[in-house]
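Those protein sequence lines, which keep their order, are chains U and D.
Okay, so the first sequence: first residue is 1 according to this note's numbering, each after it adds one.
Okay, so the second sequence: first residue is 1 according to this note's numbering, each after it adds one.
Note that these hints are calculated values from the structure, not bench results.
Treat the hints loosely; a few may be bogus.
[As the list claims (entries may be wrong)] Within a straight-line C-alpha distance of at most 30 Å, the following computed DSS-like cross-link-like pairs (lysine-lysine) qualify: (1) U:60 x D:38; (2) D:44 x U:56; (3) U:52 x U:77.
[What the hints assert, rightly or not] If you want a taste of the chain U side facing chain D, the calculated C-beta under 7 Å gives, among others: (4) 29; (5) 32; (6) 34; (7) 37; (8) 42; (9) 43; (10) 44; (11) 46; (12) 49; (13) 93; (14) 98; (15) 99; (16) 103; (17) 105.
[Said to hold, decoys possible] Short derived list, chain U residues pointing at chain D, Cβ under 10 Å: (18) 4; (19) 28; (20) 30; (21) 31; (22) 36; (23) 41; (24) 51; (25) 62; (26) 91; (27) 94; (28) 100; (29) 101; (30) 102; (31) 104.
Computed from a predicted structure; not experimentally measured.
Backbone N, C-alpha and C define an ideal beta-carbon position, used for all residues, glycine too.
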Amino acid sequence: GNSVTQMEGPVTLSEEAFLTINCTYTATGYPSLFWYVQYPGEGLQLLLKATKADDKGSNKGFEATYRKETTSFHLEKGSVQVSDSAVYFCALSDAPSYGKLTFGQGTILTVHP
Amino acid sequence: DAMVIQNPRYQVTQFGKPVTLSCSQTLNHNVMYWYQQKSSQAPKLLFHYYDKDFNNEADTPDNFQSRRPNTSFCFLDIRSPGLGDAAMYLCATSTGQGSEQYFGPGTRLTVT
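So that you can see chain D by itself, here it is in the shape it has in the complex (with noise of 0.2 Å):
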């Protein structure tokens, strides 16, 4: 029964090259949020979607993009993958209105 699924756990791509990771839900949730996070530190936003309105964190930067075509799937591109965006990328959803967020496992990125 899970509720928040990302794919693939880990991923793997060269300096420059296109990749794309993907998280569905199935809580029906208005709400997806994309997360970078890097070795133990706090989860930080990259962007969110409220149903199909897209919100970019101001410190985002352009190579990151976010497509949402349904309520259940959200995609995360970067479109050149540098070295310092190694990390874990971590999708979450919610209601909004100040309740929790449901995270999923995260997809562990390798740059080489």
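Here chain U stands alone, though its shape is the one from the complex (with noise of 0.2 Å):
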């Protein structure tokens, strides 16, 4: 079956700093992968997606490549700020009828100023 796997959490960073949060997939075809945002009490938004492979979804100043190689889409931001802390969501979908999104569990970013 499908699965996503993202990088343990909570991460903490200073203003600034590079982020990273490691996504890994397993699916029997060819998904499209995605990155959703959640800020507290509010439901998800799309921060960014790709469609296959090598692609690059970028948003905000939020990037994440499709690499089919290493079965990874990790997400990187160059410079974070307070306002981005929120939960981070890893998703894949491959299902052809209907769309249903593979989540990984979640990673919360908390930004200190």
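Now that you have both chains on their own, put them together as the hints suggest.
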């Protein structure tokens, strides 16, 4: 079956530090990959996506590259801000019929001033 | 220009008292999903509709039901809420085919 594994959290950084959140996946087909972000008390927001190997998704300074050879989709940001504090979920979808998402366990990011 | 709307944002119900949560969308998407999320864990899919076709996840308790009267609206009914059903309930939509899902803000359910 499909699975997504994220690095253990929580992650605590100082403002302007470099961020990496690791994500690896197992899938039988050729999945689409996503990063979602969830701010306290809110629903999930799509942060970025990639639909095929070597695609790079980017948004709001965050980037992730679809690496088929290492089955990875690591999230990076060069300089985090306090406002980036949230929970980050890596997810995949490879169910052509209805786009079911398989989520990683989530990584809590806290950024201090 | 809200796209996926959930009402209410906060719901308090008593143990065993039926409760209905609602979701509406302005995206005209074919697929609507209901998730249960506890304490910053990953959302757990309960069921989804592809148009009018209902698909239940194998481990979704019978206590949870859903209705989709038209493309825009979808309801989650909890017939006899238990204390363990206290959670955030998230509605999402997509066009299917491996595309991204758009989530609503969620309804926080408290069971007293």
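Hints versus structure:
Proximity of residue 60 of chain U to residue 38 of chain D is assessed by CA-CA distance (about 27 Å); at most 30 Å being required, the pair is judged to hold. With a C-alpha separation of about 27 Å, the suggested pairing of residue 44 of chain D with residue 56 of chain U holds against the 30 Å cut-off. Taking the CA atoms of residue 52 of chain U and residue 77 of chain U, the gap is near 21 Å; set against the 30 Å cutoff, the hint holds. Because the closest C-beta pair between residue 29 of chain U and chain D is about 9 Å apart, greater than 7 Å, the hint is violated.
With its C-beta approaching chain D no nearer than about 5 Å, residue 32 of chain U sits inside the 7 Å limit, and its interface hint holds. Nearest Cβ of chain D to the Cβ of residue 34 of chain U: about 6 Å, under the 7 Å cut. The hint holds. For residue 37 of chain U, the interface hint is violated, since its Cβ never comes within 7 Å of a Cβ in chain D; the closest pair sits about 11 Å apart. With a cut of 7 Å, the hint placing residue 42 of chain U at the interface with chain D holds, because the nearest CB-to-CB distance is about 6 Å.
About 4 Å separates the beta-carbon of residue 43 of chain U from the nearest beta-carbon of chain D, less than 7 Å, and the hint is met. Nearest Cβ of chain D to the Cβ of residue 44 of chain U: about 4 Å, under the 7 Å cut. The hint holds. Given the 7 Å rule on beta carbons, the hint for residue 46 of chain U holds: about 5 Å separates it from the nearest Cβ of chain D. This hint holds: residue 49 of chain U has a C-beta 6 Å from the nearest C-beta of chain D, less than the 7 Å allowed.
At a threshold of 7 Å, the smallest CB-CB gap from residue 93 of chain U to chain D is about 5 Å, leaving the interface hint in force. Annotation: residue 98 of chain U was flagged as interfacial toward chain D, and the flag holds, the nearest CB pair being 5 Å apart, inside 7 Å. At a threshold of 7 Å, the smallest CB-CB gap from residue 99 of chain U to chain D is about 5 Å, leaving the interface hint in force. A hinted interface residue such as residue 103 of chain U counts as satisfied when its beta carbon comes closer than 7 Å to some beta carbon of chain D; here the least separation is about 4 Å, so the hint holds.
Using the Cβ-Cβ criterion of 7 Å, the hint placing residue 105 of chain U at the interface with chain D is satisfied: the shortest such distance is roughly 6 Å. A least Cβ separation of about 9 Å between residue 4 of chain U and chain D falls short of the 10 Å threshold, and the interface hint therefore holds. Annotation: residue 28 of chain U was flagged as interfacial toward chain D, and the flag is violated, the nearest CB pair being 13 Å apart, outside 10 Å. Annotation: interface hint on residue 30 of chain U holds; nearest CB of chain D at approximately 9 Å, less than 10 Å.
Below 10 Å, beta-carbon pairs count as interface contacts, and residue 31 of chain U has one with chain D at about 7 Å; its hint therefore holds. With a cut of 10 Å, the hint placing residue 36 of chain U at the interface with chain D holds, because the nearest CB-to-CB distance is about 8 Å. Taking 10 Å as the C-beta contact cut-off toward chain D, the hint placing residue 41 of chain U at the interface holds, the least distance being around 8 Å. Here the hint on residue 51 of chain U is kept, as its CB sits about 7 Å from the closest CB of chain D, short of 10 Å.
The beta carbon of residue 62 of chain U comes no nearer than 15 Å to any beta carbon in chain D, farther than 10 Å, and the hint placing it at the interface is violated. At about 8 Å, the closest approach between the beta carbon of residue 91 of chain U and any beta carbon in chain D falls short of 10 Å, and the interface hint on this residue holds. With a least beta-carbon distance of about 6 Å to chain D, the hint placing residue 94 of chain U at the interface is held under the 10 Å criterion. Because the smallest distance between the Cβ of residue 100 of chain U and any Cβ of chain D comes to about 7 Å, under 10 Å, the interface hint for this residue holds.
Evaluation of the residue 101 of chain U hint against chain D yields a held restraint, the C-beta minimum of about 6 Å falling below 10 Å. Interface hint at residue 102 of chain U: satisfied, since its Cβ lies 9 Å from the closest Cβ of chain D, which is below the 10 Å cut-off. Here the hint on residue 104 of chain U is kept, as its CB sits about 7 Å from the closest CB of chain D, short of 10 Å.
Violated hints for the displayed structure, listed by number in ascending order: 4, 7, 19 and 25.
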